[in-house]
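Participant: One-letter residues, chain by chain:
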Amino acid sequence: MSRVGGGRVVSGAATDSRHAALGLSDLEYDRIVELLGREPGDTELAMLSLMWSEHCAYKHSRRLLRRLPTEGPAVLMGPGENAGVVDVGGGLGLAFKVESHNHPSAVEPFQGAATGVGGILRDVFAVGARPIAVLDSLRFGEVARSARSRYLLERAVAGIGHYGNSIGVPTIGGEVYFEHAYEQNCLVNAMCLGLAPQARLIRAAAAGPGNVLVLLGALTGRDGIGGASVLASAEFGEGDADKRPTVQIGDPFAEKKLLECSLELLDSELLVSLQDLGAAGLTSSASEMAAKGAVGLDIDCDRVPLREPGMEPFEIMVSESQERMLCVVVPERVPDVVAVCERWEIRATPIGEVTDSGRMRIRAGGELVADLPVGILVDDCPVYDLAPVAPEGGPTSIYPAPEPVSAAVDAAGSAGDTLLALLASANLASRLPVFEQYDPVVQSRTVRRPDEADAAVLALPTGEAIAVSIDGNGRRVACDPRTGAAEVVYECAANLACVGGEPLGLTNCLNFGNPEKGHVAWQLSEAVDGIAAACEALSVPVIGGNVSLYNEAPAGPIYPTPVIGMVGRLPDPARAGRLAFGSEGDAIAIVGGFHPSPVGSELAKLRGEPLAAPLPPLDAIAALGAHRAVREAVRAGTLTSAHDIAEGGIAVALAECCVAGNVGARVELPEGLDPFAEAFGRAFVVSGPPEALAGIGAEPGGPRSGHAAVPVTVIGRVGGPALELEGVLGVPVAALAEARAGGLAAAL
Amino acid sequence: MKFGIVRFPGSCDDIDAQLACERVGEAVLLWHADRDLQGVDAVVIPGGFSYGDYLRAGAIARFAPVMESVAEFAREGGLVLGICNGFQVLCEAGLLPGALLPNVSLRFVFRQVRLEVVDSETPFTRACEPGRTLSIPAKHASGRYFSPEPVDVVLRYAPGENPNGSQDDIAGVRNAAGNVFGLMPHPEHAVDPLTGSVDGLSIFESMRVSVEARVAA
Numbered sequence: 003m004s005r006v007g008g009g010r011v012v013s014g015a016a017t018d019s020r021h022a023a024l025g026l027s028d029l030e031y032d033r034i035v036e037l038l039g040r041e042p043g044d045t046e047l048a049m050l051s052l053m054w055s056e057h058c059a060y061k062h063s064r065r066l067l068r069r070l071p072t073e074g075p076a077v078l079m080g081p082g083e084n085a086g087v088v089d090v091g092g093g094l095g096l097a098f099k100v101e102s103h104n105h106p107s108a109v110e111p112f113q114g115a116a117t118g119v120g121g122i123l124r125d126v127f128a129v130g131a132r133p134i135a136v137l138d139s140l141r142f143g144e145v146a147r148s149a150r151s152r153y154l155l156e157r158a159v160a161g162i163g164h165y166g167n168s169i170g171v172p173t174i175g176g177e178v179y180f181e182h183a184y185e186q187n188c189l190v191n192a193m194c195l196g197l198a199p200q201a202r203l204i205r206a207a208a209a210g211p212g213n214v215l216v217l218l219g220a221l222t223g224r225d226g227i228g229g230a231s232v233l234a235s236a237e238f239g240e241g242d243a244d245k246r247p248t249v250q251i252g253d254p255f256a257e258k259k260l261l262e263c264s265l266e267l268l269d270s271e272l273l274v275s276l277q278d279l280g281a282a283g284l285t286s287s288a289s290e291m292a293a294k295g296a297v298g299l300d301i302d303c304d305r306v307p308l309r310e311p312g313m314e315p316f317e318i319m320v321s322e323s324q325e326r327m328l329c330v331v332v333p334e335r336v337p338d339v340v341a342v343c344e345r346w347e348i349r350a351t352p353i354g355e356v357t358d359s360g361r362m363r364i365r366a367g368g369e370l371v372a373d374l375p376v377g378i379l380v381d382d383c384p385v386y387d388l389a390p391v392a393p394e395g396g397p398t399s400i401y402p403a404p405e406p407v408s409a410a411v412d413a414a415g416s417a418g419d420t421l422l423a424l425l426a427s428a429n430l431a432s433r434l435p436v437f438e439q440y441d442p443v444v445q446s447r448t449v450r451r452p453d454e455a456d457a458a459v460l461a462l463p464t465g466e467a468i469a470v471s472i473d474g475n476g477r478r479v480a481c482d483p484r485t486g487a488a489e490v491v492y493e494c495a496a497n498l499a500c501v502g503g504e505p506l507g508l509t510n511c512l513n514f515g516n517p518e519k520g521h522v523a524w525q526l527s528e529a530v531d532g533i534a535a536a537c538e539a540l541s542v543p544v545i546g547g548n549v550s551l552y553n554e555a556p557a558g559p560i561y562p563t564p565v566i567g568m569v570g571r572l573p574d575p576a577r578a579g580r581l582a583f584g585s586e587g588d589a590i591a592i593v594g595g596f597h598p599s600p601v602g603s604e605l606a607k608l609r610g611e612p613l614a615a616p617l618p619p620l621d622a623i624a625a626l627g628a629h630r631a632v633r634e635a636v637r638a639g640t641l642t643s644a645h646d647i648a649e650g651g652i653a654v655a656l657a658e659c660c661v662a663g664n665v666g667a668r669v670e671l672p673e674g675l676d677p678f679a680e681a682f683g684r685a686f687v688v689s690g691p692p693e694a695l696a697g698i699g700a701e702p703g704g705p706r707s708g709h710a711a712v713p714v715t716v717i718g719r720v721g722g723p724a725l726e727l728e729g730v731l732g733v734p735v736a737a738l739a740e741a742r743a744g745g746l747a748a749a750l
Numbered sequence: 003m004k005f006g007i008v009r010f011p012g013s014c015d016d017i018d019a020q021l022a023c024e025r026v027g028e029a030v031l032l033w034h035a036d037r038d039l040q041g042v043d044a045v046v047i048p049g050g051f052s053y054g055d056y057l058r059a060g061a062i063a064r065f066a067p068v069m070e071s072v073a074e075f076a077r078e079g080g081l082v083l084g085i086c087n088g089f090q091v092l093c094e095a096g097l098l099p100g101a102l103l104p105n106v107s108l109r110f111v112f113r114q115v116r117l118e119v120v121d122s123e124t125p126f127t128r129a130c131e132p133g134r135t136l137s138i139p140a141k142h143a144s145g146r147y148f149s150p151e152p153v154d155v156v157l158r159y160a161p162g163e164n165p166n167g168s169q170d171d172i173a174g175v176r177n178a179a180g181n182v183f184g185l186m187p188h189p190e191h192a193v194d195p196l197t198g199s200v201d202g203l204s205i206f207e208s209m210r211v212s213v214e215a216r217v218a219a
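From first to last, the protein sequence lines stand for chains R and G.
Per our numbering, residue 3 is the first one in the first sequence, and the count goes up by one each step.
Per our numbering, residue 3 is the first one in the second sequence, and the count goes up by one each step.
For reference, chain G alone in the conformation it holds in the complex (with noise of 0.2 Å):
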């Protein structure tokens, strides 16, 4: 199993999502201005402040090389997550609907915050037992997601837990094909008891396991 993670100049988790990857399996980075995914089984769009997001959050990224690599990765099923300024990237690409406005209270927050898994049958979270909540924390100045279609809800934020007034409560969605996946907080901070909950470790373990599967059939 071998993720990749994507490098944008200015990516500021990247590292981070790259030890939390290590943890389940082999992880190496991808330069933004590279075309080549390296072969990699799956791609994590990182979070961090791609190109500065003085424009508007992942408005720039989504233009990178790589990008075009990726989504011709995640038409051919490839497993794709973005993790805050990759969940923006993702939705600025339209490899996910809907976006991310800044939060109600104009403010950058951070905060541990409780998700519920609403779908625990997708590739991302089949490590997690139906209707479990997950403690990972949360950093980001626009993270109020919106959407005017319905959209395939995976994680909501526990009730009274929503730092940042999206709509319906939601932390992450996935696409239809349900192999894309974008979520606000970061479980890359959430797998190491030393430095936090080891919560978020259930959604990289998810990711290893579907890959071995499809690898298995």
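Okay, chain R solo, but in the shape it has when bound (with noise of 0.2 Å):
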């Protein structure tokens, strides 16, 4: 026992094993009873450990982080904040954020794919922002050999369909890719956007002393204890089974009403702060508020609401109950407050005040259980170099080659065959089965719905429109992480560009194994250079995100995963671009340099050939010019459709432009250019009238506008019932809707 302060800290018996047990290593224990200057007691030692998890101290990737670049003329809100926030104009504010909820997912894909979903939404309406589309990341094993992997796959979509459908929040996109690295780890990243106007947009600094702390939503319970940091913050291994209670349990109909009161709370201009419960709950939370508001908090364990009795104090502080959000109210105001919660039927419960002591203070049972400053929960807790070691062999001489698909793609086969051996493969085929059990069309914004251009496009009130886009491509960043990083950087910029969109912002979500691992370690800092350069190059600044480590089991670590939501903005909404052909006789035309390669192509996955380095190099100021291009195009309304290259190569490319407008073209490749080689965000597939075609890659704004001219190879004519692509095949496209449609609806 010790006594601190005025009030006695209980403490426990002070066990070598106890800190480990939470996941903190003996150094980190002894840095915290030297600035305590004693040792911690139970509930104290149970705050600290989730507060010094790497899911919520970053404590291998903060000094990595600084070298994203996070300043841009649209940014609102910044990284730090719940959610980043950027300006669309007409006194509006778009919030968004990508998470993982990777290892829940893993151990119970239902309930852990939709209480990611749930927590994106909270982060973003925390700001103020009404919640107005979600997109997913989702990477598994291979579905075709995998039953495991098949379960993940249709619980993880089916929760975040529960989710997303039952609060009104469409899904607009999203990805899913399959591949064995994620067969132990797989990866399910939720991202939100919210829209505000600016007058409304709120930060989670706490603030006043003698101002109440109300807990709004739902009552806590024992779920989710330690999700944190024995779930996020450590690798897989066997009986991991016994983790299912470290995962929450979502309901969406609690979150439905708990948004639309924070909200009207917000609007009525009742609170001082809001704040969402999130990883280590009511701990990490209010310790945040304080942080950001420098100052301090007492909270009353007695006054939390609780879902079952004889909960512990450390319990109630680490719960990660979901479906609550902690305000900060005046006290005069409180009254107000409780009585927009009861239209609302959300309860609300001050449980403690704000104080100018810079400590939180913990009570239970009517003894001080902990009081802590603030500082070492939230400032204190080291942060760690990584210490990169390229691996010995190559980047990729970390994963085994990976098993042949079909016999469909060896090199003997015809080129036709392999067409509609990539079309159906899991990778590349139909979305449909995964989209039509979401909710696209809810809250009648939607412009572009999945698989009718390459990003989705909202409209917004002021008559203008959003596009976005998520991407990843982890098999890439395996073979060469700091170009294959930059790649999805610009992959996302060229959907954008396809419908019309200018990028304002990107958010990221770096899904990769162990940093305390050499190899791992340098891959994470390659590919983070390599998103800090694309961003500069591009414009486009980091407003927030996420980061998700020790996604690694005994077999190894996942494929190295950066997944990138961008948002951009477009004028006119009846113009956003669309990907199908449409009329017989348009011309086809490549627009941008495009000198792909076969190293970690699909094609070369499905013929089972080992991952290799490197991928072609990507010219930034080349690729600019046709994203601008195209963007251009689009906007004034010259193509018929716009489409970017990306996994097949040009031959898919096409396949999903006849299938997607169930009409066939004619083209003449470019002599030597393989039609299965793969160079990502660099270039387009577009149609339109001939002679609209011609114009699109004269220098914008005269030939001493400092502008390169932008190659325009027009390639053949949109027509017919087949993708002919002379000398090369001839499918019917109906043959290559059929092979398109069945890869994926066989898995689900």
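Among the hints, erroneous ones may be present.
What the hints assert, rightly or not - Sample of chain R residues facing chain G (criterion: CB under 8 Å; computed from the structure): (1) Lys258; (2) Glu347; (3) Pro442; (4) Gln445; (5) Val449.
Worth flagging that the hints you see were computed from the coordinates, not collected in a lab.
By construction, the Cβ of each residue, glycine as well, lies at the ideal position given by its N, Cα and C atoms.
From these two lone chains plus the hints, build me the complex, please.
Facilitator: In structure tokens, the structure reads:
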């Protein structure tokens, strides 16, 4: 027992293993004792172990993330808030963020994915924005071979749909890929966008000693205890079924009421600040609010409404029960807050107050069970430098070669069969079986639904629109982390260009293995450098994000998977681009310099070829020029279709345009162009009236504008019942559609 | 012409329905706990997940105070439109015959479907010429219509378009008096060329014409 300040801090017997079981190293524990000048009590240690976890403290990534550019003319709120916000004109702010829920989804896919959506929605309405769209990025093992991966896919998709559909927020896009490297560690990343009048935007800083801390929403139970430390910040091993109780349970109906209630409280100007309860529950939301406002907080655990009796103070402080928010209210306004909450049938309970002590003081049963300086929780966690070591034998020596999938794709097979095999593969097949389980139209803003265009488009009340795309490609990042990660950023920007969108900002989720291992640290460091360089070149700031490390099983780490969600703006939604070929007789052209390579391609994967390096080099100026040319042509209404060339190369890009438009094409590929070789984010397939296409590559603003001319190569015409690549292949559109329709449907 | 859109906790397509109604008239939101229908000329029970639908879709909403007033309004001949969850609520409340069972796939499904207007004489379809086909999105997990008795069918899914396995491809039915109509697809999501088709507008336009004809008479 020890005495601190005026109150008694209840301390259990300090055993050697107490901190280790909570995920703290001996060095970290020693640092806590040194900072406190005493042994921490049980409640204090539980709080510190969560706040000092990788998930909350970013201790292995914080220094690295400083390399990313975070400023830009449109940025209203950057990293550090619940979600970043960009200016979309007309006095409106667009909040967005992507976050991972990988480990919970691997243990319990339905609830893990559902609460992943619930958590990112709360991040967005915590800044005062109404959630207007969700997108997801998913990775699983090979569904063709793995029953477990099929189960994870089916249940994660059902969980996302359950939450998003029920709460009335459209799921407007996303991506899903399958690789053996995700067999033990699936990835479930969810991105949410929200819209707010800029005057309603609110920060999470607590302020005003004497103000009341009010807990909103669901009862606090024993679910999700230790989720951020035990589950999210460690590798998986044997006996993970025991971790199921660390997964939270979602209730979208409770969240729908909490969302409407929170927005009404903000519209009525009843709140000083607002914060959601996510990882590490009350501990993290309260201490972050206190740190941002440079104040202290007193919390009485006895006042927290509980779902079950007999909960220990530490359980109350770290519970990750869902659908809860924490707000600071001026004392006179508390009755008004309670009245609004009653109307929405939302529980509102004063549980403490703001102080000028700079300390988090937690009481239970009349005793002081924790008394910690706010700084020790939020700022004093040791930050580690990575120790990157490039793997001997090249970047790809860590991963085994993929198992070959189909005899139809060996080099002796016909190009037509190869194209059909690619379209039928799980990675390239139609996503309809997944997207059909989501509501993309609720809220009446959706101008481009999934499969209609390379990016989703949402109309704004200003008459303009926003475009959004989410992307990642772990296999290519594994091949060549720096170029692979940069490619993802370029591909997002290319997707936006296809609908006429110009980038405003991006959010990222860095999904990697164990950063304490040299080769993972190297992947992480290289990938962040690649993203940073791409952001600089494209002038796109990073406005927030998330890091998910320790995605590693005994068999090894996942492919390094940075996921990028990018948002752009377009002036006229009526002219938003589409990917489908439309009119017979339209000319088809490649816009941009396209110099692809078979390295890291989908075809190489299907053939079971080992990963290789390097990817084709990225020429930033050329890519930017191609993006600009396509964007301006779409905005001018010149094009019938625009589609970026990505997985499966030019042949798959053309096939996708044909299937979407249910029309064929007759094409002569440029001399020497491998129809299945890949390079991402650099070039496009467009179609339009022949005379209109002639103008799009010219120097914008004339020859002296400083912009280089963009290569535009006319390669054929839209029309007929088949996709014909002269001298290469000819396949009826119906056969392309059939192959593409079946690939994923079989797995679901 | 003033529409009232009922808002339950968990309604999701309430604002969408309001926006659609505002294309042909005025529209106000009616709170589930209030009995006052604010003198509206027609009531819309919107889509969504009233009270979370954790028991059975619409099973709790039918007990909401506002539903007593809606039932009274319907008895007096007022026009009541139930969309998706609203259709489920009207069946649970006994204002429409039959029930909506979980989809054959046991999954939520979103699909743009084509609907055949079987009865273009109702107050909800009179703006549609006979035999017209409407393209409207459907999105639900429990949309498989079932009725042991013969019912008055207003809309059917076009051949091959049935997304849920409903009996005889039924997409929408009316009561015997013809003033209460429920359908699973969402006409409020088909009123703007920017976001899809405009075929759903004919449902709201029909209601306006019906109310105005009655007022004129």
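Participant: Next step is simple, just say for each hint if it's right about the structure.
Facilitator: Status of the hints after comparison with the structure:
{"no.": "1", "hint": "Lys258", "in the structure": "holds (6 Å)"}
{"no.": "2", "hint": "Glu347", "in the structure": "holds (6 Å)"}
{"no.": "3", "hint": "Pro442", "in the structure": "holds (6 Å)"}
{"no.": "4", "hint": "Gln445", "in the structure": "holds (7 Å)"}
{"no.": "5", "hint": "Val449", "in the structure": "holds (6 Å)"}
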